[in-house]
Amino acid sequence: MSANKHARTLIIGYGNPGRQDDGLGPAFIQQLSHLETEQVHLRSNYQLTVEDAYDAQDYEQVIFVDACLNSGQISKLNSNQDKEIPFLFEQIENTNDTGLGSHSLSPNGVIRLCETLYNKSPKAFVLAILGYEFDQFEECLSAPANANLQAALRFFQTWLTSQTHA
Amino acid sequence: MKTKKARILEIEPITRVEGHGKVTVHLDENNEVTEARLHIVEFRGFERFIQGRLLWEVPVIVQRLCGICPVSHHLAAAKAMDMIVGVDQLTPTAEKMRRLMHYGQVMQSNVLHFFHLCSPDLLFGFSAPAKKRNIFSIIKEFPDLAKKGVLMRKYGQEVILHTAGKKIHGNSAVPGGINKNLSLVERDALLKDIDQMIVWSQEAVDISKNYTLEHLGLVESFGNFKSNHMSLVREDGALDLYDGGLRAIDANGNLIFDHMDYRNFDQFIMEEVKPWSYMKFPFIKSRGNLDGWYRVGPLARMNTISFIDTPLANARHAEFREFSKHKPANMTLAYHWARMIEVLHCVEKIKELLHDPDLQGSDLILKGERREEGIAVIEAPRGSLFHHYKVNENDQVTYCNLIVSTTHNNTAMNLAVTDVAKKYISGKSRISEAMLNHIEVAVRAYDPCLSCATHALGQMPLVVELFDADNNLIVTGSQFVSK
Numbered sequence: 090m091s092a093n094k095h096a097r098t099l100i101i102g103y104g105n106p107g108r109q110d111d112g113l114g115p116a117f118i119q120q121l122s123h124l125e126t127e128q129v130h131l132r133s134n135y136q137l138t139v140e141d142a143y144d145a146q147d148y149e150q151v152i153f154v155d156a157c158l159n160s161g162q163i164s165k166l167n168s169n170q171d172k173e174i175p176f177l178f179e180q181i182e183n184t185n186d187t188g189l190g191s192h193s194l195s196p197n198g199v200i201r202l203c204e205t206l207y208n209k210s211p212k213a214f215v216l217a218i219l220g221y222e223f224d225q226f227e228e229c230l231s232a233p234a235n236a237n238l239q240a241a242l243r244f245f246q247t248w249l250t251s252q253t254h255a
Numbered sequence: 017m018k019t020k021k022a023r024i025l026e027i028e029p030i031t032r033v034e035g036h037g038k039v040t041v042h043l044d045e046n047n048e049v050t051e052a053r054l055h056i057v058e059f060r061g062f063e064r065f066i067q068g069r070l071l072w073e074v075p076v077i078v079q080r081l082c083g084i085c086p087v088s089h090h091l092a093a094a095k096a097m098d099m100i101v102g103v104d105q106l107t108p109t110a111e112k113m114r115r116l117m118h119y120g121q122v123m124q125s126n127v128l129h130f131f132h133l134c135s136p137d138l139l140f141g142f143s144a145p146a147k148k149r150n151i152f153s154i155i156k157e158f159p160d161l162a163k164k165g166v167l168m169r170k171y172g173q174e175v176i177l178h179t180a181g182k183k184i185h186g187n188s189a190v191p192g193g194i195n196k197n198l199s200l201v202e203r204d205a206l207l208k209d210i211d212q213m214i215v216w217s218q219e220a221v222d223i224s225k226n227y228t229l230e231h232l233g234l235v236e237s238f239g240n241f242k243s244n245h246m247s248l249v250r251e252d253g254a255l256d257l258y259d260g261g262l263r264a265i266d267a268n269g270n271l272i273f274d275h276m277d278y279r280n281f282d283q284f285i286m287e288e289v290k291p292w293s294y295m296k297f298p299f300i301k302s303r304g305n306l307d308g309w310y311r312v313g314p315l316a317r318m319n320t321i322s323f324i325d326t327p328l329a330n331a332r333h334a335e336f337r338e339f340s341k342h343k344p345a346n347m348t349l350a351y352h353w354a355r356m357i358e359v360l361h362c363v364e365k366i367k368e369l370l371h372d373p374d375l376q377g378s379d380l381i382l383k384g385e386r387r388e389e390g391i392a393v394i395e396a397p398r399g400s401l402f403h404h405y406k407v408n409e410n411d412q413v414t415y416c417n418l419i420v421s422t423t424h425n426n427t428a429m430n431l432a433v434t435d436v437a438k439k440y441i442s443g444k445s446r447i448s449e450a451m452l453n454h455i456e457v458a459v460r461a462y463d464p465c466l467s468c469a470t471h472a473l474g475q476m477p478l479v480v481e482l483f484d485a486d487n488n489l490i491v492t493g494s495q496f497v498s499k
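Protein chains in written order, with the working numbering: chain S, 90 to 255; chain W, 17 to 499.
These are computed hints drawn from the structure, not numbers from a lab.
Everything numeric in this text was worked out from a predicted model, so none of it was measured.
Careful, some of the hints might be misleading.
What the hints assert, rightly or not - Partial list, derived from the structure: chain S residues whose beta carbon lies under 10 Å from chain W: (1) N105; (2) G107; (3) P115; (4) Y143; (5) D144; (6) R201; (7) L202; (8) L206.
What the hints assert, rightly or not - Just the calculated beta-carbon pair ranges, DEER-fashion: (9) S:L158 to W:E157: 33 to 41 Å; (10) S:E149 to W:D204: 44 to 52 Å; (11) W:S199 to S:E179: 53 to 61 Å; (12) W:D277 to S:E149: 53 to 61 Å; (13) S:E149 to W:F323: 49 to 57 Å; (14) W:S143 to S:E179: 31 to 39 Å; (15) S:Q180 to W:E219: 34 to 42 Å; (16) S:F244 to W:E251: 57 to 65 Å.
Yeah, the Cβ is synthetic: ideal placement off N, Cα and C, and Gly gets one too.
Kindly generate the complete structure, drawing on both the sequences and the hints.
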């Protein structure tokens, strides 16, 4: 049950690929597979769970990638931008989140569990990609969500490269 | 019309029940509870979605159903497809690999439910401050317990990883068998921690048992009502989570039916529709809709079975039966004790299977005479799970019907909610958050897979709403402050 101690970044994409744009997180991981190295580990899941906190303790930073249904935060982000950005990328600062379902957890909850159980505080970021279609059982992303995914991938690869070389 | 002054309260959502559910509690003019109902927003698109898909795809696709119990759906669909491809008996390697996967799934699900979902209520009390009733308070005050919960859950997930091929989106169970065996490396990795899991599982049984005995007054008065119970049992009456015949007993322990072939389930189970709920209400046909409803899941299984075929869990089952005076236990809160006995059983079975050389066998898949219909039942963590499919000559699914555990327990959960609401809310001039939490505790004892029951992914909160005698909404949610 031991994880690679030398790995630096854990990227977890989560959501249900059978629920249209809810699959943005797993699709992100799938399209990022060429980046997996000893330093960068990729995970995909339906939702976050308590054992993610166990795994997170071995990483310096953890990135949570999820579909975003509510564009409110993204609109706020875009208010000072010339060009619309269809995703949100921000560091988790406040881990006062106690949300826990029987099989799921929020990113804040995972990091707080990691802190309280294992005294480890990896840097954590949320990458929320705007999706539009969630109501049907269909295993494909909508066209605009796929465009948002590509934009998020371009942004993230640049960001990750800068992090790796920092 | 008489006008009552509405009390408007703001309440934060419940976070420890999956899916999109709502409890409505109706009060009369004296604030007495007249009825309470659990509503689940139904979305039955999945049966339509699956139509047209090839039978080979189904065991993988059904995992998309809700994402909460993917392994249970994976195995139930694979069993139904076994029937369609004409395989009534798998190879030893295939059946044991599937069983190993299933024990890992039931173990990890039950562990998470108890340690992280319900332990705050049990250890701090139903009326403890809402801010305290969460996993982080458990970590603070019972850190060893919380860590054991995480590691036990992780162990169950490792079993799934090595048997399903992946922790999620597993694809190893295929029509007619399995597409991988367990390598010696995988076996040894799982054997490394198995004895620790057995020790911790026994401790978990002790915690749940002691809670029941130390809070007997509460347990006996909280959602305690007579019901029928149903589950699969092995041919000799033993607990069998993967296969067997259906056994149903009444509230006194008398057999209603036994070793019923689940392939004929529609001859003895019916589903009733009620105008106020999107979810159906199954009942045993011979008893009628008023008396034929039943419970499934850990409590029902401990009541229906004759014994458990692993020694430690069997001894704990004997204790449980002694406690219930060898009659069916009908206490909602006894679900927790029953659930932990099942964890111990699963861990014992995992150890037994890991020492079985059949798991390294290479005879994995069989073929038989093709059929047009497949029906399967397994005992999922929350109870009996029915999958029923029909396929055409092109191997495409033309019909799909799923009856999940939450649907089987629909009537029982409604009765539990009503019982608790009457005891803790009736006649009170002020409805406190703690009172509402009692209702949630009753729902959480069943751990309804609301997403699964509605066939919709999501974590929409369970909302509790109170209506006064004039049907005005006066309270909503679970945590609130008066305005």
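Open item on the list: Tell me the hint numbers this structure goes against, listed in increasing order.
Closed with: 10, 11
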